[in-house]
Amino acid sequence: MKKTGAWLARYALEQLGVRYTFGIPGVQNTELYDELNNSESITPLLVAHEGGGAFIADGLSRLSDTVGTLVVVPAAGLTHASSGIGEAFLDGVPMLVICGGIRTDIPWKYQLHQMDLHQFMRGITKATYMIERQEQIVPMIFDAYRTATTGEPGPVFIELPANLQMFAAEVGTLPTWQAPALPAPASASQIDAAVALLREARHPALFVGWGTRDCLAELSALAEHLQAPVATTLQGFSMFPANHPLHVGFGFGEAAVPAARAAFADCDVLLAIGTRFAEIATGSYGVSVPERLIHIDINPKVFNANYPARVAIEGDARVILPQLLAAVREAMPAAPVNSALQAKIAADKQAYRQSWYAHDSKGRVNPARFFDALRAANPAEAVTVVDDGNHTYLVAELMPILSARSAIVPTDFNAMGYAVPAAIGAKLARPDVPVNCIIGDGGFRMTCMEIITATQNRLGIVYYVFCDGELSQIAQAQEIPYNRKPCTVLAPVQIDGVAHAVGAAFFRIAGDADLHKQIAAANAIALSGQPAIVEVAIDYSKRTAFTEGVVKTNFKRFTLAQKARAIGRVLVRKITG
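Residues in the sequence shown are numbered from 311 upward in steps of one, following my numbering.
It is worth saying that the hints were derived from the structure and are not from the lab.
Remember, predicted model here, so these are calculated numbers, not experimental data.
We put the CB at the ideal spot given by N, CA and C, even for glycine.
Fair warning: there could be bad hints in the mix.
Claimed, not checked - No more than 25 Å apart at the CA atoms, straight line, and that leaves these computed lysine-lysine pairs for DSS-like: (1) K884 with K795; (2) K659 with K852; (3) K852 with K862; (4) K866 with K795.
Said to hold, decoys possible - Cβ pair distances, simulated, as ranges: (5) R512 with N793: 39 to 49 Å; (6) G821 with N793: 22 to 32 Å; (7) N793 with S497: 50 to 60 Å; (8) P741 with V880: 17 to 27 Å; (9) R639 with C797: 31 to 41 Å; (10) V799 with Y667: 43 to 53 Å; (11) R875 with P741: 49 to 59 Å; (12) P741 with A615: 54 to 64 Å; (13) A615 with R443: 53 to 63 Å.
Between the sequences and the hints, there should be enough to build the whole structure, so can you do that?
This is the structure we're talking about:
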């Protein structure tokens, strides 16, 4: 039979269960958009900017079983999207990037948008695919999807030339999609080695990351059997509920909250699952990892990269954790409930929160009180989408996430502006639960116009814009050593004007007294399908444990001469201004 390339691409995406595509039509993809418009199961969504489209696709992938899919034009469309593609690549998030290509059936050079797309994409994708004939389209898209979703997930790039989209050719019998099976289990010897360490442990602890996103039941059972405290990475901070008595918070080193530092202080066996021990997760590599480290990850390249593992097990946590849990249960009795440990964790958490309550916010919004009010106004399964900035660590330390896989945040790529569009993807993934976006005024300026996409599609998202007039995370890092804040002080933005422009409702929280009323009003608007923007006069004067810990960790690494120079510069600038 004869089929156009656009029809074949649509068929492949329908087979894969893709529900949405994101992008902007252009010269090299109008045929595909026209075909997607005929689909009964795929909705092509117009975005304001391809970068926003990529972040939307990322958010959808993180919170659903479908893979976020971009349909963009080459050159500017693809380069605009590259920040979102890069975020997905470093964060281990699957994504399909389908890009129209220049015509390959004509001899002319210097066609519109002509550039080496694959050279550009190789550094931020797991693989790139160039389709040359119609019969390749379906199997190649299937193979790309398999690559994106197996092993450590990530984005893949597919170039589909415009002429293949337009014209029909013989393709033969079309394949149907067969989902890949889960990876093989670990060997018995590896599991036995891990169990042997855990059986000998006096103070075991768990450190869990994004790789455990579908394993809450097994994680909870394992932690309870061992009576082991559980810390998470930043990306994984919704992998273990904050109201579990063994949850201690994000990180466990000097940059962690007191509950985590205390609970991990005497850890003699660490079970790390689905984490790379990357810079942010470890507070600038400021954690003390015991020699008896059990490291489980789907990517073997992470083993021994930063901390040597006594036992390293390559595999998918969905397979390995049930295996390990069964072996632990068989080999050792459940530890008695450690009431002293759980009481200490609870007391440390309360004391840390009390330190925020006691902080004088000088009429502005106290972060702890804001997150208390937000938590109280939303069900446990509500989704929190967080941007990159000082507020990132406030959320990680002060916002109790109660439902697994209900909060997402950019981590290793750390793209500011991520959260506005990613919240759209989150709402498409979870249409029946509230979605709250937490973003600073700096990040908001980058992508706020993408809220038009939420308005156009009746997606009731609440955007909380933390306003202090600075790029606060970097401004705080500048203030102590430099006594100045070059290029981190922001020009004022009329947030209410932005709301009017994008069709969102607007609310303002000027102080703690406004919290409950304005959050309730914003939630009511969101229920009607209209986005809401809430300007929050946040107080950033108290530093997070993460910020203080990272500064201390890095300062300790300086040589004596480097420390003298740093301290000298601080003193001179304090005196001279």
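Against the structure, the hints:
1. Between K884 and K795 the CA atoms are separated by roughly 13 Å; this keeps the pair inside 25 Å, and the hint holds.
2. For the proposed pair K659 and K852, the alpha carbon gap of about 17 Å is at most 25 Å, so the pair holds.
3. Restraint check for K852 and K862: the C-alpha separation of about 16 Å stays at or below 25 Å, so the hint holds.
4. Among the hinted pairs, K866 with K795 is consistent with the structure: their alpha-carbon atoms are about 23 Å apart, no more than 25 Å.
5. Separated by about 47 Å at the C-beta atoms, R512 and N793 satisfy the suggested range of 39 to 49 Å.
6. Remark: the range hint 22 to 32 Å for G821 to N793 is upheld by a beta-carbon distance near 29 Å.
7. Between N793 and S497, the C-beta spacing of about 57 Å keeps the proposed range 50 to 60 Å intact.
8. The hint said 17 to 27 Å for the Cβ distance between P741 and V880, and at roughly 51 Å that hint is violated.
9. Between R639 and C797 the CB atoms are about 56 Å apart, so this pair departs from the stated range of 31 to 41 Å.
10. Evaluation of the 43 to 53 Å hint for V799 and Y667 yields a failure: the beta carbon distance comes to about 29 Å.
11. Against the hinted window of 49 to 59 Å, the Cβ-Cβ separation of R875 and P741 comes to about 55 Å, which satisfies the hint.
12. Roughly 39 Å separates the CB atoms of P741 and A615, a value that falls outside the hinted 54 to 64 Å.
13. Taking 53 to 63 Å as the suggested C-beta distance range, the pair A615 and R443 does not conform, at roughly 41 Å.
In summary, the numbered hints that this structure violates are 8, 9, 10, 12, 13.
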